[in-house]
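Undergrad: Take a look at the letters that make up each chain.
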Amino acid sequence: MIVHISRRYRFAASHRLHSAALTEQENRDTYGKCDNPHGHGHDYEVELTVAGPVDPVTGRAVDLARLDDLAAREIIAPFHHRNLNEEVAAFRSVVPTTENLSIEVDRRLRARWPETFGETLRGTGPCLEKVRIRETDRNICEV
Amino acid sequence: MLISKKVEFSASHICRSAQLSDAENERVYGPAANPLGHGHNYIVEVAIEGEPDPVTGMILNLRDLRDILEDRVLSVYDHRLLNREVAPFDSIVPTVENIAIDIWNRVAPCISSTAGGRVKLYSVKVHETDELAVEYRGEP
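Respectively, the protein sequence lines represent chains B and U. Going by the numbering used here, the first residue of the first sequence is number 305, and it counts up by one from there. Going by the numbering used here, the first residue of the second sequence is number 9, and it counts up by one from there.
Because the hints were derived from the structure by calculation, they are not lab data. Incorrect hints may have been included.
Distance condition first, Cα-Cα at most 30 angstroms in a straight line; then the derived DSSO-like pairs of lysine-lysine [said to hold, decoys possible]: (1) U:K128 x B:K434; (2) U:K13 x B:K434; (3) B:K434 x U:K14.
Simulated coverage check for chain B against chain U, where a stretch passes if three residues somewhere in it have a Cβ under 8 angstroms from a Cβ of chain U [claimed, not checked]: (4) 310-320; (5) 348-362; (6) 365-378.
What you are looking at is a predicted structure, and each value in this text was computed from that prediction instead of being measured. Just so you know, even glycine gets a beta-carbon here, dropped at the ideal spot from N, CA and C.
Here chain B stands alone, though its shape is the one from the complex (with noise of 0.2 angstroms):
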């Protein structure tokens, strides 16, 4: 029986909206108060949706053991209380908005998916089926 698990995941980090692509007007226009040059931050929850049998034995579609290590990896170790914009190789170049972030955290997990659960085909064990970030109460990303 396929059954889908939200695992939650929380890290605080800084960052600032601006693109270089963008000219100083349009970029206040864009991001408005996210263009602090200074940068702000906010409590970042993540929330992991992993579909997958249940295991007969376990009684558990997905090896929690194993995700809370994978993310504590790939989410917590490289996000919490950094700065987005200048300690995370991704969002030099890229800007790190919800959706970004989402798309990034998305990149490291599937990258590692495979050495860290084995077969990922639905029927044989867990997949990746969605990543939701809530920046705020009302910015929420999901992928």
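Got chain B sorted already, so can you dock chain U onto it with the hints?
TA: Then chain U, alone, in the frame of chain B:
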């Protein structure tokens, strides 16, 4: 169209499998493997699917849905040690995955029979903590 209802129950459980060694149990379940048990305040969100009745404007009277959940889930699960007092957890581990599937099995036939086949259960989502929830949609 979907409509959902949320209810809560509190229960204790022990996440250990007799088919695993002590070390394996502790690796898989972490502190939840404590043989003396621990508990949670579970939140159950049940979504049903159907079209609103043209007269009442309701897919299913939510009072009927509440009564089903009270009778089939809360009276069975609330303030119980799941491993000892709720079948099938004498033989399978009461993980939140298995709890969501068991609640589906208890509720699905009642939803169909109450609404005369007009309404069906769409999903059961069980929140064990703020960090962990499982949704079951009846997928084999």
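Undergrad: Now, for every hint given, state plainly whether the structure supports it.
TA: Hints, verified against the model:
Straight-line distance between C-alpha atoms of U:K128 and B:K434 comes to about 25 angstroms, which keeps the hinted pair within the 30 angstroms bound. For the given pair, U:K13 sits about 24 angstroms from B:K434 by alpha-carbon distance, which is consistent with the 30 angstroms threshold. Under the criterion of a C-alpha separation no larger than 30 angstroms, the hint pairing B:K434 with U:K14 is consistent with the structure, at around 23 angstroms. Coverage of the region 310-320 of chain B by chain U holds [criterion: at least 3 residues with CB-CB distance below 8 angstroms; count 4].
Counting residues of the region 348-362 of chain B whose beta-carbon sits less than 8 angstroms from any beta-carbon of chain U gives 4, enough to reach three: the coverage restraint holds. Chain U is given as covering the region 365-378 of chain B, and this holds because 4 residues of the stretch bring a CB closer than 8 angstroms to a CB of that chain, at least three being needed.
Consistency with the previously given hints is maintained throughout, with no hint failing.
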